[in-house]
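Chain P: place on chain C using the hints.
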Amino acid sequence: QKEVEQNSGPLSVPEGAIASLNCTYSDRGSQSFFWYRQYSGKSPELIMFIYSNGDKEDGRFTAQLNKASQYVSLLIRDSQPSDSATYLCAVMGTGNQFYFGTGTSLTVIP
Amino acid sequence: DVKVTQSSRYLVKRTGEKVFLECVQDMDHENMFWYRQDPGLGLRLIYFSYDVKMKEKGDIPEGYSVSREKKERFSLILESASTNQTSMYLCASSSGGGETQYFGPGTRLLVL
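Sequences listed follow chains C and P, in order. My numbering puts the first residue of the first sequence at 1, with every later residue one more than the last. My numbering puts the first residue of the second sequence at 111, with every later residue one more than the last.
Please keep in mind that the hints were generated in silico from the structure rather than gathered at the bench. All clues stand as given, with none of them false.
In silico DSS-like cross-links for lysine-lysine, where the CA-CA straight-line distance does not exceed 27 Å:
hint, chain 1, residue 1, chain 2, residue 2
1, P, K181, P, K113
2, P, K167, P, K128
3, P, K128, P, K165
4, P, K180, P, K165
5, P, K128, C, K42
6, P, K113, C, K56
7, C, K42, P, K167
8, P, K167, C, K2
9, P, K163, P, K181
10, P, K180, P, K163
11, P, K128, P, K163
12, P, K167, P, K180
13, P, K167, P, K181
14, P, K181, P, K128
15, P, K165, P, K123
16, P, K113, P, K180
17, C, K42, P, K113
18, P, K123, C, K42
19, P, K165, C, K2
20, C, K56, C, K67
21, C, K2, C, K56
22, C, K2, C, K67
23, P, K128, P, K180
24, C, K42, P, K181
So here's chain P without its partners, still in its complex pose:
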């Protein structure tokens, strides 16, 4: 079974803090993704990566950065958290080639 884990299920941060969200997958997948999900807006792609040290902007990259130093790990960084970044953050991985994405359990982030 594919397993995608995320470092925290719930996180509370203050405006201006730097926030790190970690994602690890154990299936040697090339592709990893970060989404945020908000009511009525669905899943929105923030960043994705097709290989180690490689990253591509998704639909809403502003205010975020990512790091992929190892194949199994993809980190999302909020450089200076703002209240409009309060959301559910979902990490996913896939092997590519038309295969499905597998999601982690999600991190619910609250920025005060």
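Excised from the complex, chain C in its bound form:
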């Protein structure tokens, strides 16, 4: 079983819609959770982090964490074509080691 699992997609949404990206993790003791965005040919950039159960909002982005279900998600409201990218979920496990998912490819259709 992989430490962090994401659907690879591709996920396509129309412009203005809500994009929902999901991630599950295996280490129940994980404390820190991150979402990165990666444009084609570029390096990952951090867009959100969350440490506590519940929702965390930053502009059009909302991260949701449910530690009991070992589930973290990212919602993108009012999706724009510039949001088209691969989104990586990352989890810091109990040994302070980072684990990355393989990413979900998102395409926002104008």
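Coordinates of chain P only, in the frame set by chain C:
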């Protein structure tokens, strides 16, 4: 702003050559990491370092070595490059303690 720089954006080498990839960070971070990224495989950890002169193997260290002589600099060495080491190489740094990793721009290496 955290800045992580890598010595080259693109590199072409021949099989058997020794290859050096350099990474420098300017935020006094203790932790530095080297990953490779391949389509469908995601980010795979090669080596990491929690302190100067300290290194730990990641998930795929075979064929690679690292050097960390100064806190800000972490070098990845391909002792004898092979075609299966053609990949995107990403360096990252973090302050540890649950903080995020910051990535450099990446080096796209082609081994012929």
